[in-house]
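Residue numbers (this note's numbering), protein chains in the order written: chain A, 1 to 428; chain B, 1 to 316; chain C, 1 to 178.
Be careful, since some hints might not be right.
What the hints assert, rightly or not - Mimicking PhoX-like on lysine-lysine, the simulated pairs with C-alpha atoms at most 20 Å apart in a straight line are:
1. B:K143 <-> B:K261
2. C:K158 <-> C:K6
3. B:K231 <-> B:K133
4. B:K231 <-> B:K101
5. C:K6 <-> B:K143
6. B:K133 <-> C:K158
These aren't lab readings, by the way, just hints derived from the structure by calculation.
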Amino acid sequence: MIIMIGVGLLIVLLLMEMPIAFAMMVAATVGLWLVGGELMVHSYLADAFHNVTASYTMLTIPMFVLMAQYMAQSGMARDIIACSDTWLRRFNGGLGMACVFASAFMAAIIGSSTASCATMSSAAFPSMRESGYDRRISVGIIAIAGTLAIMIPPSIVLIIYGILTQQSVGKLLIAGLVPGLLTAAGYILTIWGLSKRRPDLVPRPTAFNMREAMGALRPVWPAMLLMVVTIGGLYSGLATPTEIGAVGSLAALVIVLLMRRIDKRRFASAMTETLGTTVMIITIIIGAMMFGYFLTLTQATQSLIAMINDANLSPWAVLLTLVVIYLVLGMLMDQMAILVLTVPVTFALITQLGFDGIWYGIVITKTVEIGLVTPPLGLNVFITSGITRVPVGECFRGVAPFVLVDLLILGLLLAFPEISLFLPGLMK
Amino acid sequence: RDMTLADSFPLDHYLSKEGTVYWMNRVTELTGGDLAFQHYPAEQIAKASEIMRRVQDGVVDVGYVGIGYVSDRMPLNGATMLPGVVRDSTRASQAYWSELKDPDSVYRKEFEKNGLVPVFAVLLPPYQVVLNKPAIDSTSDFKGLNLRSSGSLDLAVQALGASPVSMAAPDIYLALQRGTLDGTLLPVTSITPYRVDEVTSSVSTNGAFGSFAITVAMNAERYEALDDARKHAIRQAGDETVRHLSEYEAEAVSQLLTQFKDQGIQVYAFSDPTLKTIEQRLDGVREQWARRMEKRGLDGQQALQAMEHALEQTGR
Amino acid sequence: MSGSLKLLERGLAVIAVGAVLAMMLLVSLDVIARYLFKAPLTFQYSLTEDYLMVIMVALALPWAERRGAFIRLTPFHRLMSPGVRRGLYALNNLIIALMLLAMTWYAGERVWVDWLEQRVIFGVIDWPVWLSHVWVPIGTLVLSLRLFTNACLYLLGKAEVPSPPSLDEMGEGEEALR
Ligand code: NA
Ligand code: NA
């Protein structure tokens, strides 16, 4: 009953056009009061804000956004996109495909889809629009490609899954590689198909010009240098995934200063954009955490899982039920909250039924990816919308065709565990 | 209504299975089903460092209080975590638990001051040097090592001549794999939960670099509201859990060390002269800690002596 | 009222920007010192996590509101008359402001106790707890003042509700990104 009131209130507040972050905080506050009275409201309101913000791992968000902003404000980002465009323009939707490539590349550096999505929104969106891409397909591509960051290693989601379930983090990270690349391929095919069916959404393909293409490579070297610094810094052990964003920002700032590609005004807007985006993302996470605590304290999720446990279904029926529940939860709740809340319990259930723990981690990560872009609560879509200023509804519509592909890939991952387990099987 | 208990351990973790869950089951059994629990594991209702707040505020009745996370409100209990204090964790746990039951102990008084009643406690096996490179055989080898640590362990790492590196827990695995870190200080029982064994080359066995105090505490008002029979059940379950969990831990350490050897990890003991120099350096850490407590008007020396005394009582 | 609030909001945001730059420099310095000299800045982690992160988000909070950083769904926006919209947004602002005031009160109470007891976190140095928490009630208080002020302006008809970007306004949002 209380859970219905909490969820109902959240929906009403969202429809009342209350900002998403505050709607979740207010609904959680009322819900907590219904669950435990003033003492619960008191306890959570006193430190929820501080607990979420005073987090070192959260540092990735401002730092990667800052790096992307220096790239965007200095025109570096536009150079990359322009270059990819000259190389790929003979294909329908070539630039969109380049954007997926770029995101997959980013995913090898970034372990958090929020950070990746914010980076690409700032870096790629303006150029996509400039080249004549439809607004909706542009935000759709950016929001969906951002989810690659948690499948392609490194991945915060897989590391947390590993710690929660005591599975090998090394194997989990390796296991994500093939499904991540498969997903990227799926997105590229979708873009190709979309541009075939709706040629009006993308610029018309033009002939490839070798001289022009070679010329477009020249202005790209600063961006390449930055990539070398960040990827090299990460894989050589210079810095951790959490720290590399800060190192990357500093390197980007030094590069654009040396090249005199940034002035006071652009520097100022890089800083204010970074601050605005960071506050937007972190306040939504605060709201989601509070709402998640409320849901846990109503004991709704726990009773749901207990019910499945008691229903005596066949192993595959249990697995599919869980996947459906994760997809539904993914619509309503913050992904981290879902993981922490449910994985310890469902993992025990699944492995008892004889399923592989590493494979289940990949399946869960796939549902998390989907949850990030499904309405009403789709963090990646909110971030893309917040940065590009394209209305949230438009973004959800833009991302819809990709969600269908994602569901298809989820089906493949379920049907063929070897896709996920082939690489980790090669490890000792 | 059921009582509620919150902790930060995944359900598979031994501190959950052999600790909080074991304790809850014992309480329920001893009261004939009278006291049952709703369990919130794995940081479901608060981060590990904030569970103490939830217990103090009454959001839950019972909760895990990791002493290392709450040095602002329970500074003196931190004495148990200093290097050289815990050598045999079964005995040290017994000693600490006897202090926590003693109404005159500085350790118990700190819980009471915060409106908490400790229901059971253990100390983790002594921290060891866990490296992604071969074993160390002299104190000079510590120089130039980047070792992950936090809190009072930082002081131990510094005293050894190595560099203390702070790092978020999820980063440790990759940092060890890629050489950002040379190693870390961890209790043997905490190596597998973080999967650090996959990226480890050597583990020491006889160091006493520090420990971590795992305590579970109940909201004092809620405790006082219980009748004597229930209070008695809680006390008895506490005694049993301390014994069970600390013995389980000791057993786990020897099993894990064998497992590590089989995995090809170098498991080694420091030679006597090396150990002696290490200990000399670590003695300074306890003194430094006590001095800093004194500056805040707290009797750190008394806390250290109380633990020393309690350890003698258990026959160290 | 609104004018001096604006000044305050801007001042706090400037401090928040300082925190972002400080984190970028400190983390990079720590990484380089650790790698090259095996001499990490041991204080950097706590300073970043417990102080600079909190300062960045909490102090930028009121400024971010004015900037439209708090995104919302706007399914029925165009179906409402300007008067209804103003009423609805005034109500929203009042609800949020009340919640923020409660946050300010409860968080402030904790800061007060932490200060009275001079609580510190034990590390390489003693880190004062109140100095980590104090930024949150400052940010939520100023933001709730801003929301109260806006609610009054909406009710008095002295300000219009910010409209979501329309199809032809889109160019403007993209411009801001360049
Ligand atoms: Na990644
Ligand atoms: Na969603």
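Okay, the hints, checked on the actual structure:
1. B:K143 <-> B:K261: Violated - the C-alpha atoms of B:K261 and B:K143 are around 26 Å apart, more than 20 Å.
2. C:K158 <-> C:K6: 17 Å, holds
3. B:K231 <-> B:K133: 50 Å, violated
4. B:K231 <-> B:K101: Judged against 20 Å, a Cα distance of about 13 Å means the pair holds.
5. C:K6 <-> B:K143: Answer violated: C:K6 to B:K143 is near 53 Å, above 20 Å.
6. B:K133 <-> C:K158: It is violated: about 69 Å lies between the C-alpha atoms, which goes past 20 Å.
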